[in-house]
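Using the sequences provided together with the hints, build the complete structure.
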Amino acid sequence: MEENEKPVEQETVGETEPEAKEEKAAEPTPEELLAAEKDRYTRLYAEYENYRKRSQKEREALYSQVKSDAVTSFLPVYDNLERALKLGCSDEAFLKGIQMTMTQLEGVLEKLGVKPIDAVGQPFDANLHNAVMHVDDESRGENEVVEEFQKGFTLGDKVIRFSMVKVAN
1 MEENEKPVEQ ETVGETEPEA KEEKAAEPTP EELLAAEKDR YTRLYAEYEN
51 YRKRSQKERE ALYSQVKSDA VTSFLPVYDN LERALKLGCS DEAFLKGIQM
101 TMTQLEGVLE KLGVKPIDAV GQPFDANLHN AVMHVDDESR GENEVVEEFQ
151 KGFTLGDKVI RFSMVKVAN
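Numbering (our numbering), first residue to last: 1 to 169.
Misleading hints may appear alongside valid ones.
Computed list of lysine to aspartate or glutamate pairs in EDC-like fashion (alpha-carbon distance at most 16 Å, straight line) [what the hints assert, rightly or not]:
1. K151 / E82
2. K151 / D79
3. K158 / D118
4. K158 / D125
5. K158 / E110
Hints are computed from structural coordinates only; laboratory data are not their basis.
Below is the structure:
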């Protein structure tokens, strides 16, 4: 034999190659193909539903955060109107205008779902109140809020501003 010549393989009659048998056995049936496609579709649909639900939750959380931020920016106006009402005024028309403005602002806050936190006379709750002063008063109960310096507010279940209070005992 020369170097460039390759030896000729001899075929034997009657023998089949094992690879050919495996290929025929590995070919999926139409039922198996359908089941595989149905499984793929089910998984894809589940992924889409999870994505849709997650996106909805993210949108709701973002809306809630933006709403909370907007309301928080109006709270100093509420505080100033409240101070003006406490001071009083000799001009009845001016005082009436401040009262009307305060009533309108309270209505807008209520419409947005903002609720004031009740503080005076309530037991101190660190989840709602921010104690800035303490006073010993035997006529008051243990950890009772006796004075409110700044009104607190909630938006839904979230506290957007804690009540600044004085606590007894």
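Tested hints:
no.: 1; hint: K151 / E82; verdict: holds, 9 Å
no.: 2; hint: K151 / D79; verdict: holds, 8 Å
no.: 3; hint: K158 / D118; verdict: holds, 15 Å
no.: 4; hint: K158 / D125; verdict: holds, 14 Å
no.: 5; hint: K158 / E110; verdict: holds, 15 Å
When the structure is compared with the earlier hints, no violation turns up for any of them.
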